[in-house]
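As they're listed, the protein sequences go chains F and E. As numbered in my numbering, residues 1 to 300 make up the first sequence, in order. As numbered in my numbering, residues 1 to 255 make up the second sequence, in order.
For the record, the hints were derived by calculation from the structure and aren't laboratory data. There's no promise every hint is true.
[Said to hold, decoys possible] Below, simulated BS3-like cross-link-like pairs (lysine-lysine); rule was C-alpha separation at most 25 angstroms, straight line: (1) F:K90 x E:K23; (2) E:K174 x F:K135; (3) E:K54 x F:K135.
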Amino acid sequence: MPVIEVTGLHKEYGPKVAVEDVSFSVEAGEIFGILGPNGAGKTTTIECVTGLRKPGRGQISVLGLDPQRDHDALREQVGVQLQDGQLPGKLRVREALKLYASFYAQPADADELITRLGLDDRRDAPFEKLSGGQKQRLSVALALIGTPKVAVLDELTTGLDPAARREVWGLISDVRDSGVTVVLVTHFMEEAERLCDRLAVIDRGRVIATGTPSGLAYRAGGEQYVRFTASAPLDEDELSGLPHVHAVHQEGDQFAVTGDEEALQAVMGVLIRRGITARHLRLDQASLDDAFVALTGKGQ
Amino acid sequence: MTTTAVDPGRGRAWRMLALTELKLLWRSPATLFWGIGFPVAGLVVLGLIPGTGKPVRALGGISVLQTYLPIIITFMIIMTGVNFLPVTLATYRERGVLRRMFTTPVTPQSLLAADLAITIGTQVATAALIVILAAGAFTASIGAPLAFIVAFALLAAAACTLGLLVAAVSFTAKAANALGAVLFFVLMFFSGLWLPRAEMPDWLRGVSDATLTGAGVQAVQNAMAGHWASGLFFGVLGAWVVACGALAIRFFRWQ
């Protein structure tokens, strides 16, 4: 049975439709990504799933509970990190965790969580003195302090520098490995590609694709790009006629070949027969980025 | 949003919230100075000036100290209730602190209740300090304690509900700060801080009577002199509590 099941969710604010028709399901123990451009309806979807907003139409079940009807039970079991959720500036790390621990029936140990999230040397630091990455780690800690079965994390790494971002990513994988189901909302491609087991792409209030990151990327194109520098003269016609090769682009001794999964094999066959070495060989595949552009018709 | 009924586990959360808000108050020097230190220091300075304890004909036969003691108490109540309380709440709303609490088993109503309790607690403690100091060191005692307690309670309630209304209508913490500051000067003017009520022309004192600070100062002053003020002043204070409370509930937004 899925941990979260959303069917035909629809929500509008006055004349503005925020979510047109969204359905997806999240399995236990996975990191499920909700990916989409800004304003696609991601946050509204999450607010409905966590019971912060009442859906216009559609069914939502979280751990078998209705977020509206059973919200008291739900809040004990679902930890939420909302976008831009801050704390009082003078509240210290340890105090914040102790305070939030008192809200739950079965809280985690605050000190243990501090250690686990690498905030040991900052436990007595006030919130306003924390770096961006430390604030986000504390936010994750607050989402986990109630020992939830599901953690919902909204735009966790927006505004962080690359090092802090990697730090938070490592943390999310650890959370999943500890048995918590994670729902990760992001508009950041690399994040979805690296972290998510499965994801739903939302655009203009609709789910336009669901699957694993590599599955989505393959579906969007499935092409491979082979680039190399030839060690001896080679004519592009020798490659362009090959099976599996779709296009060849030559500039001096540099070649760029586009083709299907077996294109590399075909190209290497010719090079070996001719005794030519491929220098600076690079093999690229369509990325989630390409998939996203193909699916939504817009770049980032 | 519904709130859970009686739940023993929530008692712990509530105590932690109140304790945390108290710690945050303690770490805010400006609040401590303007809300507590400055009014108490004002009383001490006034009390140490020779002759402030003697009756003055222009002030309606009471001393300068007796004129200003209710104003000092009012200053403290307005500062904490109409300025600090709404700025704290508006800041919490602006920064998503209230929104985050919606996702936990404890509602943001609890945080509001904790802040209200801390504000009222501060007002009671500071007023007690001022009253004890005035009676013990400067011979300005309270003649009718019960009338004083009722007047003080109504004045504090009116200030706090007005503060909640300020928080309700202010979109940002900055707006709450600005609105609170304007209200502070208007209300302190009508309390008689710059022009004692006894020296106001009749029409101006009439306006002052209808404000929560004018009515509050009058009710506290009479209690010090040993009698209950006219029921009209208590009625004015009660009306402010009801009106501000109703409007605050109508307009308050959690996010």
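Hints, verified against the model:
1. With a CA separation close to 9 angstroms, the supplied pair K90 (chain F) and K23 (chain E) stays within the 25 angstroms bound.
2. The straight-line distance between the Cα atoms of K174 (chain E) and K135 (chain F) is roughly 23 angstroms, inside the 25 angstroms bound, and the hint therefore holds.
3. Restraint check: the Cα-Cα separation between K54 (chain E) and K135 (chain F) comes to about 59 angstroms, which exceeds 25 angstroms; the hinted pair is violated.
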